[in-house]
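When we follow UniProt numbering, the leftmost residue of the sequence shown carries the number 1, and every step to the right adds one.
Hints may contain errors.
Think about it this way: if two alpha-carbon atoms lie no more than 30 Å apart in a straight line, the pair counts; the simulated DSBU-like pairs of lysine-lysine are [unchecked claim]:
1) 158 to 75
2) 52 to 27
3) 182 to 211
4) 85 to 175
5) 78 to 183
6) 148 to 78
7) 132 to 52
8) 45 to 132
9) 175 to 67
10) 158 to 77
11) 177 to 100
12) 193 to 85
13) 78 to 31
14) 175 to 132
15) 193 to 77
16) 148 to 75
17) 45 to 67
18) 211 to 225
19) 183 to 67
20) 85 to 75
Pair by pair, the computed Cβ-Cβ distance ranges are [stated by the list, open to error]:
21) 155 to 82: 21 to 31 Å
22) 213 to 266: 16 to 26 Å
23) 141 to 179: 36 to 46 Å
24) 96 to 186: 37 to 47 Å
25) 68 to 136: 13 to 23 Å
26) 190 to 20: 36 to 46 Å
27) 168 to 57: 36 to 46 Å
28) 186 to 9: 41 to 51 Å
Simulated from the structure, these hints should not be mistaken for lab results.
Just so it is clear, CB atoms sit at the ideal spot from N, CA and C, and this is done for glycine as well.
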Amino acid sequence: MGAAWSQASNLALLVAMMQANADQVEKDILKSEEMLAVDAENEKKDLPFQHKNEISIKLTEAENLLKDLFLDVDKAKKLKHLQAKEIEKDIIHLHERWLKDCAFYRDIYDQIDDVSLMPRINWGLILNQKQKELNGEEYGPTMLDLEKQIAAHNILQKEIIAYGSQLCVSSAGSKEKYNAFKKQYNNLLDNSKWRRHYLSSLYEYMLGCNKELNFLGEEQEKIKKQDWSDHMVDPPHIRRHYENFKNNGLLFHESEVNRLQDEGERLIELNHPASDTIQETHLDNVHEFKKYQMDTEQMSETMTQLNSTLDPKSVCKKSNSETLLQLEVREKQEGRGGGDREVQSRVLQLKFSEIPS
Numbered sequence: 001m002g003a004a005w006s007q008a009s010n011l012a013l014l015v016a017m018m019q020a021n022a023d024q025v026e027k028d029i030l031k032s033e034e035m036l037a038v039d040a041e042n043e044k045k046d047l048p049f050q051h052k053n054e055i056s057i058k059l060t061e062a063e064n065l066l067k068d069l070f071l072d073v074d075k076a077k078k079l080k081h082l083q084a085k086e087i088e089k090d091i092i093h094l095h096e097r098w099l100k101d102c103a104f105y106r107d108i109y110d111q112i113d114d115v116s117l118m119p120r121i122n123w124g125l126i127l128n129q130k131q132k133e134l135n136g137e138e139y140g141p142t143m144l145d146l147e148k149q150i151a152a153h154n155i156l157q158k159e160i161i162a163y164g165s166q167l168c169v170s171s172a173g174s175k176e177k178y179n180a181f182k183k184q185y186n187n188l189l190d191n192s193k194w195r196r197h198y199l200s201s202l203y204e205y206m207l208g209c210n211k212e213l214n215f216l217g218e219e220q221e222k223i224k225k226q227d228w229s230d231h232m233v234d235p236p237h238i239r240r241h242y243e244n245f246k247n248n249g250l251l252f253h254e255s256e257v258n259r260l261q262d263e264g265e266r267l268i269e270l271n272h273p274a275s276d277t278i279q280e281t282h283l284d285n286v287h288e289f290k291k292y293q294m295d296t297e298q299m300s301e302t303m304t305q306l307n308s309t310l311d312p313k314s315v316c317k318k319s320n321s322e323t324l325l326q327l328e329v330r331e332k333q334e335g336r337g338g339g340d341r342e343v344q345s346r347v348l349q350l351k352f353s354e355i356p357s
């Protein structure tokens with residue numbers, strides 16, 4: 001109840017902050033559009049510009065808030081906000097308006113007298129800067145890092161796509177420069193799409209691994225909460241439960257781990273730029289699953305031994321020390337690991353208190 005209330009409270013605070021930021025972005029955009037209209041008229045009348053610096057500040061402020069909004073809407077989706085998709089659409093609409101205002105800003109303030117002498121837009125600088133941003137981006141290594149990288153790249157790719165409608169002969173300055181910039185732009189757009197693909201494939205892989213690790217954690221928590229005391233109800237039933245889980249439920253997760261293992265190896269063979277992160281995540285996932293699989297097998301065997309050793313027909317013929325010795329000898333012969341031996345020892349100590357001397 002407390003956790004649910006805390007999540008609801010966090011979601012309410014997040015939505016309130018997003019609403020405030022979205023309102024501020026809209027105010028900045030509206031103010032920018034008003035001032036752009038004024039300076040557009042000044043241009044027609046050959047009057048000096050009045051608002052260039054102020055508009056630049058407003059558009060920069062809006063850009064920073066939009067980045068925060070894209071990150072926050074991803075959080076709202078994870079917290080399962082009912083209107084997360086509608087909120088995201090509103091943010092995308094604000095971002096599109098911001099892009100149009102930026103284009104209008106360049107049209108008004110970056111013009112030159114003779115487009116044949118130099119470009120109206122310094123495409124070389126812009127495209128090189130965006131390519132530099134792409135080249136410097138990382139992949140992970142944590143899920144939180146990856147989610148931030150995906151949100152940031154979504155903004156970057158929208159900006160790159162918007163350049164496509166603005167890149168033309170007149171903005172480039174000449175047909176020759178346009179051809180060169182167009183080739184550079186296509187390469188940039190292609191690299192951006194590949195990064196999006198790499199981020200998406202890494203996210204899907206890490207999400208699958210995290211689901212399996214969470215499953216193991218939940219199952220281990222169930223074992224910790226199981227009553228192993230003298231008052232344990234129906235030990236044979238508990239044994240059957242673990243046998244059923246081992247032979248059915250665990251098999252499904254084993255196949256999923258194997259699938260993830262194959263997928264990780266495939267991504268590495270394809271020289272995925274996040275190969276190091278994939279390799280580390282893959283090893284952690286397989287190691288934890290194999291360890292849990294072994295623990296489950298050993299727990300099942302231990303409970304089978306307890307079930308047979310504590311059978312009334314067998315126990316009545318042996319003293320406590322004889323029964324304990326039998327289990328200790330069997331355990332040593334099977335060479336169990338230290339972690340499982342500790343669990344078994346705890347179970348055995350509890351169980352032997354039930355055997356009458």
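### Task
Could you tell me which of the numbered hints above are not met by this structure, giving the numbers in increasing order?
Per hint list: 3, 4, 5, 8, 9, 13, 17, 24 and 27 violated.
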